[in-house]
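Fit chain Y to the supplied structure of chain C, relying on the hints for placement.
Number of protein chains: 2
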Amino acid sequence: MTQMLPFAAWMGSVQAEVEDALASLLPAPHLVPAKLHEAMRYTVLGGGKRVRPLLVYASGALFDADRAAMARAACALEMIHAYSLVHDDMPCMDDDDLRRGKPTVHVAYDEATALLVGDALQAQAFQTLADSDTLAPARLVPMLRMLAQAAGSGGMCGGQAIDLDSVGIALNLAQLERMHQLKTGALLRAAVLLGAMTGTELTDAQRDALGAYSSAVGLAFQVVDDILDATADSATLGKTAGKDAAGNKPTYVSILGLAASQALAQQLRRDAHDALAPFGEQALRLRELADLIVQRKA
Amino acid sequence: MTQMLPFAAWMGSVQAEVEDALASLLPAPHLVPAKLHEAMRYTVLGGGKRVRPLLVYASGALFDADRAAMARAACALEMIHAYSLVHDDMPCMDDDDLRRGKPTVHVAYDEATALLVGDALQAQAFQTLADSDTLAPARLVPMLRMLAQAAGSGGMCGGQAIDLDSVGIALNLAQLERMHQLKTGALLRAAVLLGAMTGTELTDAQRDALGAYSSAVGLAFQVVDDILDATADSATLGKTAGKDAAGNKPTYVSILGLAASQALAQQLRRDAHDALAPFGEQALRLRELADLIVQRKA
Chain C
1 MTQMLPFAAW MGSVQAEVED ALASLLPAPH LVPAKLHEAM RYTVLGGGKR
51 VRPLLVYASG ALFDADRAAM ARAACALEMI HAYSLVHDDM PCMDDDDLRR
101 GKPTVHVAYD EATALLVGDA LQAQAFQTLA DSDTLAPARL VPMLRMLAQA
151 AGSGGMCGGQ AIDLDSVGIA LNLAQLERMH QLKTGALLRA AVLLGAMTGT
201 ELTDAQRDAL GAYSSAVGLA FQVVDDILDA TADSATLGKT AGKDAAGNKP
251 TYVSILGLAA SQALAQQLRR DAHDALAPFG EQALRLRELA DLIVQRKA
Chain Y
1 MTQMLPFAAW MGSVQAEVED ALASLLPAPH LVPAKLHEAM RYTVLGGGKR
51 VRPLLVYASG ALFDADRAAM ARAACALEMI HAYSLVHDDM PCMDDDDLRR
101 GKPTVHVAYD EATALLVGDA LQAQAFQTLA DSDTLAPARL VPMLRMLAQA
151 AGSGGMCGGQ AIDLDSVGIA LNLAQLERMH QLKTGALLRA AVLLGAMTGT
201 ELTDAQRDAL GAYSSAVGLA FQVVDDILDA TADSATLGKT AGKDAAGNKP
251 TYVSILGLAA SQALAQQLRR DAHDALAPFG EQALRLRELA DLIVQRKA
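Residue numbers (the working numbering), protein chains in the order written: chain C, 1 to 298; chain Y, 1 to 298.
Chain C with its partners taken away, still in its complex shape (with noise of 0.2 angstroms):
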């Protein structure tokens, strides 16, 4: 039904039910502590290209997921991926000042809030999932070990530490991988295998293939973003573009060059679609967002 949207249809409509739904979900702004919760507010609303809730409901829709267990795990993950942004861009870390064309956290509020908002941000997550009332338990427990893994030591926060570690280190290109596979690839997988998850029961083949679909868009949603902050400016980004090249981190345009790293980010792409052919034309919506990922100017 949905498969009948043309894709940017289908996209702006994902986009605009997971807008209302985090603004149902994040505390109201006049609760106290009201600066804290306006920052949430900030940090999430009205902004992001929300990639990972459009895998949410990609790969739902093969499943005949719920709308609403959609919302809550798009949700989750997207209070996840706007809390590390928020610590990301803290002084400590990359010290950026704009992030989706605004100020960012620390610099529109200050350090302890930017703290505090990711902080808190990441305890919405959990209890976004938690209080589904459409999922049942056996179903939520293992979706929020998901989430968990993801978004801890053995996923996201891994992946920055190895990031923070490799600072002015020359990583070969199979320890940059695996770098990005925990720092965006581990969010990203669980976008795809949550939104499975909210809908039947995956065989073990289709969770094997919507992995692989997973890995190749997970690297190369990064080889995509190292070639657009070595080529694109700020303006178009949203976000301090030349960051990498200047704080001499490694990436796959230093280390392969941009020309290589186009090729190998259309590779990707049809390693992605490849992923999907189980699924026949079910799995549209997920091509497309490949397609997107590896065609995006920002």
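Derived by calculation from the structure, the hints in this document are not laboratory data. Built from N, CA and C at the ideal position, the CB exists for glycine as well. Some clues are possibly wrong.
[Claimed, not checked] Straight-line alpha carbon distances no greater than 35 angstroms define the calculated DSBU-like cross-link-like pairs of lysine-lysine that follow:
#1 C/K49 / Y/K35
#2 Y/K49 / C/K297
#3 C/K49 / C/K243
#4 Y/K35 / C/K249
#5 C/K35 / C/K102
#6 Y/K102 / Y/K297
#7 Y/K49 / Y/K102
#8 Y/K49 / C/K243
#9 C/K49 / C/K102
#10 Y/K35 / Y/K243
#11 C/K102 / C/K249
#12 C/K35 / C/K297
#13 C/K102 / C/K297
#14 C/K102 / Y/K297
#15 C/K243 / C/K297
#16 C/K49 / C/K297
#17 Y/K249 / C/K102
#18 C/K49 / C/K249
#19 Y/K35 / Y/K102
#20 Y/K49 / Y/K35
#21 Y/K102 / C/K249
#22 Y/K249 / Y/K49
#23 C/K35 / C/K49
#24 Y/K243 / Y/K297
#25 Y/K249 / C/K35
#26 Y/K243 / Y/K102
#27 Y/K243 / C/K35
#28 Y/K102 / C/K35
#29 Y/K249 / Y/K102
#30 C/K243 / C/K35
[Said to hold, decoys possible] With beta-carbon atoms standing in for the labels, derived distance ranges:
#31 Y/D20 / C/H273: 45 to 51 angstroms
#32 Y/H30 / C/D97: 36 to 42 angstroms
#33 Y/D20 / C/A28: 38 to 44 angstroms
Just chain Y now, with coordinates in the frame of chain C:
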């Protein structure tokens, strides 16, 4: 059975059991990213009074709780507590160099690592509880929900935010109490209730009694903290003494004076005992913990 042990021996056995459980639940220090995992273990292991775990075990004992389940809940709470200390000690918050008699994480490592240690520990807390293999999903989901609620902007992070906003402001007693109910009270209350929830089903009356006990103990904990900050030295506390007065922070001592604060702590201890009346002799450990919290010297 454990009721027969003298209090100090019971406390020692719980502390040892929790230390072992934490050591096995935290990622091994050789796993990549090794520095992050080492720093997580530096933060959590080998220190702390383990007040929240003690409350879990004392409360769980009233409801025939399974020890493995209590260990999960205790470790999850202790990870949340430990992460909050790491972030609270950072330069943008309290800027403290000493914690549990050791250099704080941002001093022993660096600020970026301290930020990530806290973030990863929060995820690890939810993973620790969600990974329980002795608690049914229908039991786990409300526990995860309670943990998230106690940790987030409606609990600990919210209390931190109010604390930040109250520096240099003359809070009245009710406002100070509200701040502490969130900042430390929410997690102590969660400890008491999560301990109980690992065992047999609670009646509403039992839940109310435990809630009243938690409120009294939570406030007593903070009143005594304020008394110790004003009267003890840094070597005894294992953290910097006199920070509140130096930071112009409202405390029970600054509002009520020392003598009235001491009287209040004693009154709260009696309130905690009174709240336990419905449990009779069985609540010995919870009574002893209320005494410990009020009579502690560090």
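Hint check results:
A distance of roughly 33 angstroms separates the Cα atoms of C/K49 and Y/K35; the hinted pair therefore holds under the 35 angstroms criterion. With a CA separation close to 53 angstroms, the supplied pair Y/K49 and C/K297 exceeds the 35 angstroms bound. Annotation: proposed proximity of C/K49 to C/K243 holds, straight-line Cα distance about 20 angstroms (limit 35 angstroms). At most 35 angstroms may separate the alpha-carbon atoms for a hinted pair to count; Y/K35 and C/K249 meet this at roughly 19 angstroms.
At most 35 angstroms may separate the alpha-carbon atoms for a hinted pair to count; C/K35 and C/K102 meet this at roughly 18 angstroms. Only pairs whose Cα atoms come within 35 angstroms are accepted, and Y/K102 paired with Y/K297 is accepted, the gap being roughly 18 angstroms. With a CA separation close to 14 angstroms, the supplied pair Y/K49 and Y/K102 stays within the 35 angstroms bound. A distance of roughly 44 angstroms separates the Cα atoms of Y/K49 and C/K243; the hinted pair therefore is violated under the 35 angstroms criterion.
Taking the CA atoms of C/K49 and C/K102, the gap is about 14 angstroms. The hint holds against a cut of 35 angstroms. About 30 angstroms separates the Cα atoms of Y/K35 and Y/K243, which keeps this hinted pair within 35 angstroms; it holds. Note on C/K102 and C/K249: the hinted pairing holds, with a Cα-Cα distance of about 24 angstroms set against a maximum of 35 angstroms. Annotation: proposed proximity of C/K35 to C/K297 holds, straight-line Cα distance about 34 angstroms (limit 35 angstroms).
Restraint check for C/K102 and C/K297: satisfied, since their Cα atoms lie roughly 18 angstroms apart, inside the 35 angstroms limit. Distance check on the hinted pair: C/K102 and Y/K297 sit about 48 angstroms apart at the alpha-carbon level, beyond 35 angstroms; violated. A hinted pair counts as satisfied when its Cα atoms are at most 35 angstroms apart, and C/K243 with C/K297 qualifies at roughly 17 angstroms. Among the hinted pairs, C/K49 with C/K297 is consistent with the structure: their alpha-carbon atoms are about 12 angstroms apart, no more than 35 angstroms.
With a C-alpha separation of about 33 angstroms, the suggested pairing of Y/K249 with C/K102 holds against the 35 angstroms cut-off. For a cut-off of 35 angstroms, the pair hint linking C/K49 to C/K249 stands: about 24 angstroms separates their Cα positions. Using a Cα cut-off of 35 angstroms, the hinted pair Y/K35 and Y/K102 holds, with the two alpha carbons roughly 18 angstroms apart. Between Y/K49 and Y/K35, the direct Cα distance comes to roughly 25 angstroms. Compliance with the 35 angstroms bound is thereby established for this hinted pair.
Between the alpha carbons of Y/K102 and C/K249 the distance comes to roughly 33 angstroms, so the proposed pair stays at or under 35 angstroms and holds. Of the supplied pair hints, the one linking Y/K249 and Y/K49 holds, its CA atoms being roughly 24 angstroms apart against a limit of 35 angstroms. At roughly 25 angstroms between alpha-carbon atoms, C/K35 and C/K49 fall within 35 angstroms of each other, so this suggested pair holds. Distance restraint check for Y/K243 and Y/K297: the Cα-Cα separation of roughly 17 angstroms lies within the 35 angstroms cut-off, and the hinted pair is therefore satisfied.
Among the hinted pairs, Y/K249 with C/K35 is consistent with the structure: their alpha-carbon atoms are about 19 angstroms apart, no more than 35 angstroms. For the proposed pair Y/K243 and Y/K102, the alpha carbon gap of about 17 angstroms is at most 35 angstroms, so the pair holds. Proximity of Y/K243 to C/K35 is assessed by CA-CA distance (about 24 angstroms); at most 35 angstroms being required, the pair is judged to hold. Only pairs whose Cα atoms come within 35 angstroms are accepted, and Y/K102 paired with C/K35 is accepted, the gap being roughly 33 angstroms.
Distance restraint check for Y/K249 and Y/K102: the Cα-Cα separation of roughly 24 angstroms lies within the 35 angstroms cut-off, and the hinted pair is therefore satisfied. For the hint linking C/K243 to C/K35, the alpha-carbon distance of about 30 angstroms falls within 35 angstroms, and the restraint holds. The hint said 45 to 51 angstroms for the Cβ distance between Y/D20 and C/H273, and at roughly 49 angstroms that hint holds. For the hinted restraint 36 to 42 angstroms between Y/H30 and C/D97, the CB-CB distance of approximately 38 angstroms keeps it satisfied.
Distance hint check: the CB atoms of Y/D20 and C/A28 are about 43 angstroms apart, consistent with the given range 38 to 44 angstroms.
In the structure shown, a violation is registered for the earlier hints numbered 2, 8 and 14, in ascending order.
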